[in-house]
Each structure stands twice: as structure tokens, then as C-alpha cells.
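> Sequence:
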Amino acid sequence: MRIGAHVDSADPLAEAAARGAEAVQFFLTDPQKYNSPKPREDAERIRASEVDVFVHAPYIINVASPNNRIRIPSRKLLMAHARAAAELGAKGLIVHGGHVGAGADLEAGFVNWRKAFEYAESEGGLPLPVLIENTAGGDNACARRFDALARLWEAVGSFGAGFCLDTCHAFAGGEDLVGIVDRVKAITGRIDLIHANDSKGGFDSGQDRHDNLGSGKIDTELVVAAIRASGAPAIVETPGGVEGQTADIALLRERAGN
Numbered sequence: 001m002r003i004g005a006h007v008d009s010a011d012p013l014a015e016a017a018a019r020g021a022e023a024v025q026f027f028l029t030d031p032q033k034y035n036s037p038k039p040r041e042d043a044e045r046i047r048a049s050e051v052d053v054f055v056h057a058p059y060i061i062n063v064a065s066p067n068n069r070i071r072i073p074s075r076k077l078l079m080a081h082a083r084a085a086a087e088l089g090a091k092g093l094i095v096h097g098g099h100v101g102a103g104a105d106l107e108a109g110f111v112n113w114r115k116a117f118e119y120a121e122s123e124g125g126l127p128l129p130v131l132i133e134n135t136a137g138g139d140n141a142c143a144r145r146f147d148a149l150a151r152l153w154e155a156v157g158s159f160g161a162g163f164c165l166d167t168c169h170a171f172a173g174g175e176d177l178v179g180i181v182d183r184v185k186a187i188t189g190r191i192d193l194i195h196a197n198d199s200k201g202g203f204d205s206g207q208d209r210h211d212n213l214g215s216g217k218i219d220t221e222l223v224v225a226a227i228r229a230s231g232a233p234a235i236v237e238t239p240g241g242v243e244g245q246t247a248d249i250a251l252l253r254e255r256a257g258n
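According to full-length UniProt numbering, the sequence shown is numbered sequentially starting from 1.
FYI, nobody ran anything at the bench for these hints, they're computed from the structure. Please read these numbers as outputs of a predicted model, since none were measured by experiment. Mixed in with the good hints, there may be bad ones.
[Said to hold, decoys possible] Quick list of the computed label-pair ranges, beta carbon to beta carbon:
1) P31 <-> V111: 22 to 32 Å
2) A186 <-> R45: 35 to 45 Å
3) R209 <-> K33: 21 to 31 Å
4) G214 <-> D42: 29 to 39 Å
5) K33 <-> E243: 23 to 33 Å
6) E44 <-> D204: 39 to 49 Å
7) A150 <-> A104: 17 to 27 Å
8) S122 <-> G214: 40 to 50 Å
9) A104 <-> G202: 25 to 35 Å
10) A104 <-> V178: 29 to 39 Å
11) G103 <-> R40: 38 to 48 Å
12) K185 <-> D219: 17 to 27 Å
13) D219 <-> N35: 37 to 47 Å
The beta carbon of each residue, even a glycine, is placed where N, CA and C say it ideally should be.
Based on the provided sequences and hints, a complete structural model is requested.
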């Protein structure tokens, strides 16, 4: 079972070693800016490492948006990050499900997601799996409620889209964690990665506020159960730096590995 953490991008392999992690996730650029990633000097070392690598796309990407000044740059940026992540031997590029904004037709978001995959195909195809992540907030989100997720998958499932299940996002987004893996797989057919996070916010609060395992509002055994049932690698995106994340990784390894 591969368990790791979201870490600073400066030296992700050193961060993995400091936490005893078998997997790492990191950004390639500022997550709040439309910056294309640049080649990394440590690319060969990362590719050769036994650590499983996942790259998180910038938060600013929203390929579902009806605003073409957001949607079109988002498509191009997603492709740029996919190519850069593949250069590092990453196993997946995680991207949030996005939203269409208040008052807009959610169906347009699903159509725009399909167009994003069609755009990628027209540009030579995605060089690694794109893992769409469920989100915590927003009434017009494409991947908060699982009824919306089902409609999203009707649009993109045929393109080989992968899925990243975030336990904090699901809980805060109003989805029961009991039996959640079976419910997700009934929609997507797959779970490629678990973001194993506790939640500072309550159930259905819409608050994307991660906490260390056992410190928030989620029963840790439900997070462990999701990892076990999915068989997927797990990444903690929890606070506390090396100390906090090392403790979370150790907890998951002890409980989920049995």
C-alpha cells in the first residue's frame, strides 16, 4: 500500500524521505496563477526514484467554466501540466472538477469538460491519466454531489478519465463516507487515488478545510475503510508539516495495512 503526502515542490524526494512516504504529490507552479511549468533540473532523479509521483494541477484551472476567458486558458494549462507531469514519470495529474458559477446551467459544465478532453486529443492526446477530484463547495459544481458526478462521467468517461476521491471534500460536500467507494465505482468504474484528509468543517458544510486525521469531524476509520476498499494509493494533504504528515502517514499505514 503506497501512502504519502502533498509536499513542497522544491525537493519532493527529500520531503518524501523526511516523512517516510512511498508517494508524493506537488504543484509544478503557483496554484493560483496561469503559469506553464518549466523543465526541472531534478527530472531524471524523480523519474528514477521508487517514490510514486502525482502532480496536482493549479487550482485556478476550471475547464467547466462558461466564461471563455477562463475555460480556454484552463484547457491549455491543463495540457501543459499534463505534459510536464509526464516528463517526471508521474502516475497522474489531479484536477478539481470545477464549476459553472451561480445561475449558470450545470449541463454546460459537463459539455465543456468533454470539450477539454476533445481539445487534448486534438493536441496529440494526454500523456498520462488526468484524475478528476471531487470538490467540497459550490452549488453549481461538477463533482461535489455524486448525482452531478454521474452526469460528468457520462461526458468524459469514454476518454479514460481517472478519479481522485478526497475524503474531506466528500464529507464537507454532503456525501456519506460509509460505502463511498462502492458508490463512486458504480459511477466511474475506478478510483485511482485517495486524498486522505480529515475535515475542520462539518458534514455538508461546503468548507474545504483539511485537518489531521483524528483531529477533525470525520471518523478516521471511515478514511481507512475507503483506502482499503479502493486499493488505491493515498496522499495526505494535511497541516503540520513534516511532523503532522508523518503522524498521519504512520496512522494510515498501521490501520489500513492490516
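> For every hint, state whether the structure bears it out.
For each hint, the structure was consulted:
1. P31 and V111 have their C-beta atoms about 26 Å apart, which keeps the hinted 22 to 32 Å range intact.
2. Distance hint check for A186 and R45: the Cβ-Cβ separation is about 40 Å, which falls inside the suggested range of 35 to 45 Å.
3. R209 and K33 have their C-beta atoms about 22 Å apart, which keeps the hinted 21 to 31 Å range intact.
4. In this structure, G214 and D42 meet the distance hint of 29 to 39 Å, their C-beta atoms being roughly 34 Å apart.
5. Taking 23 to 33 Å as the suggested C-beta distance range, the pair K33 and E243 conforms, at roughly 29 Å.
6. With their beta carbons about 46 Å apart, E44 and D204 fall inside the hinted range of 39 to 49 Å.
7. A hinted range of 17 to 27 Å for the beta carbons of A150 and A104 is consistent with their spacing of about 19 Å.
8. Remark: the range hint 40 to 50 Å for S122 to G214 is upheld by a beta-carbon distance near 47 Å.
9. Separated by about 27 Å at the C-beta atoms, A104 and G202 satisfy the suggested range of 25 to 35 Å.
10. A C-beta distance of roughly 32 Å is found between A104 and V178, which places it inside the suggested range of 29 to 39 Å.
11. Checking the proposed 38 to 48 Å range against G103 and R40 shows it holds: the Cβ atoms sit about 41 Å from each other.
12. Range check, K185 to D219: about 21 Å between beta-carbon atoms, so the 17 to 27 Å window is met.
13. D219 and N35 have their C-beta atoms about 39 Å apart, which keeps the hinted 37 to 47 Å range intact.
Of the hints listed earlier, there is not a single one the structure fails to meet.
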